[in-house]
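K.L.:
These are the residues of each chain, in order.
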Amino acid sequence: MCLAIPGQITKIKTCQATVKYPQNDIKQAKIITGSYKTGDYVIVQAGLVIEKVPKKQVEMWNKFIQ
Amino acid sequence: MSFYHYIMSQQAQLLFLKYAFPCAGITLARGHICQKEYDKLERAVKKNQLIDWQTLQKIFAPAFRRIKKMSCLTGQNIFDAQTIRDYYLKYHNKFIDENEGSYKYAPPALKQLCRVERAKIIDVQSDCYIVKIGQKLRPVSKMICLNAKVGDWVSVHYGYAVEKLK
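Chains as they are written, first to last, in our numbering: chain A, 18 to 83; chain B, 20 to 185.
Mixed in with the good hints there might be a few duds.
[To be verified] Quick partial rundown of chain B residues pointing at chain A, CB under 10 Å, derived from the structure:
hint, residue
1, 47
2, 48
3, 114
4, 125
5, 128
6, 146
7, 147
8, 149
9, 155
10, 156
11, 159
12, 162
13, 177
Derived by calculation from the structure, the hints in this document are not laboratory data. The C-beta atom is built at its ideal place from N, Cα and C for all residues, glycine as well.
Please put together the full structure from these sequences, using the hints given.
P.N.:
In structure tokens:
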């Protein structure tokens with residue numbers, strides 16, 4: 018289940034981001050608003066990047082989910 | 020229950036599901052529901068199908084607990100659409116700000132997405148609305164609230180537009 022956990026952007030080509038999740042799960046997501054760069058952690062929903070998650074909060078997020 | 024109250028309760032059921040569904044992804048990720056239950060909720064919210072109160076109360080127990088807390092203060096009937104709307108538009112964010120329940124353990128970025136915001140639609144694309152929340156833009160799914168137009172105000176929860184606001 019990807020939409021509830023942060024994934025990391027590994028590549029951006031025009032407005033298409035490649036997002037990596039734990040267990041090497043890879044998803045493609047569209048960037049419509051906001052500025053994102055490779056390495057950012059993001060929340061993806063319905064194929065859209067909706068929000069950035071500060072790196073410091075990623076571990077807290079993953080803990081919250083477990 | 021009178022026919023009138025029955026219809027009122029059904030409207031409240033549908034509205035509750037619309038507001039609560041956006042956090043079902045988190046509920047699923049936390050293992051509180053299974054993929055099958057998630058898919059059933061998604062189907063119901065897409066097709067305006069009723070899910071009984073008992074199931075909704077079980078899946079979204081924290082939301083119900085908070086709605087009950089609010090109704091203790093306001094004296095409102097919890098099985099009424101206006102009560103549900105009042106909760107999500109006026110009280111929900113207060114519970115988040117107070118770190119009530121599991122919000123205590125949630126990272127700030129997640130709590131931000133959990134808030135229910137009033138947002139203006141500034142663009143309608145084929146697969147989403149772009150809404151303005153404060154000074155920030157967020158793409159949100161059209162799935163729950165179809166047929167909104169540029170300039171409309173909608174309530175937004177997580178990555179979904181929930182309903183048009185007057």
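K.L.:
Hints first: check each against the structure and report whether it holds.
P.N.:
Hint-by-hint comparison with the structure:
1. Taking 10 Å as the C-beta cut-off, the interface hint given for residue 47 of chain B holds, the closest approach to chain A being about 5 Å.
2. Look at residue 48 of chain B: its Cβ gets to within about 4 Å of chain A, closer than 10 Å, so that hint holds up.
3. Annotation: residue 114 of chain B was flagged as interfacial toward chain A, and the flag is violated, the nearest CB pair being 16 Å apart, outside 10 Å.
4. A least Cβ separation of about 5 Å between residue 125 of chain B and chain A falls short of the 10 Å threshold, and the interface hint therefore holds.
5. Checking residue 128 of chain B against chain A: minimum C-beta separation of about 5 Å stays under 10 Å; hint holds.
6. Look at residue 146 of chain B: its Cβ gets to within about 7 Å of chain A, closer than 10 Å, so that hint holds up.
7. A hinted interface residue such as residue 147 of chain B counts as satisfied when its beta carbon comes closer than 10 Å to some beta carbon of chain A; here the least separation is about 6 Å, so the hint holds.
8. Here the hint on residue 149 of chain B is kept, as its CB sits about 6 Å from the closest CB of chain A, short of 10 Å.
9. Look at residue 155 of chain B: its Cβ gets to within about 8 Å of chain A, closer than 10 Å, so that hint holds up.
10. With its C-beta approaching chain A no nearer than about 4 Å, residue 156 of chain B sits inside the 10 Å limit, and its interface hint holds.
11. At about 7 Å, the closest approach between the beta carbon of residue 159 of chain B and any beta carbon in chain A falls short of 10 Å, and the interface hint on this residue holds.
12. The closest approach between the C-beta of residue 162 of chain B and any C-beta of chain A is roughly 7 Å, which is under the 10 Å cut-off, so the hint is satisfied.
13. With a cut of 10 Å, the hint placing residue 177 of chain B at the interface with chain A holds, because the nearest CB-to-CB distance is about 7 Å.
Hint check: a violation occurs at hint 3 only; the rest are consistent with the structure.
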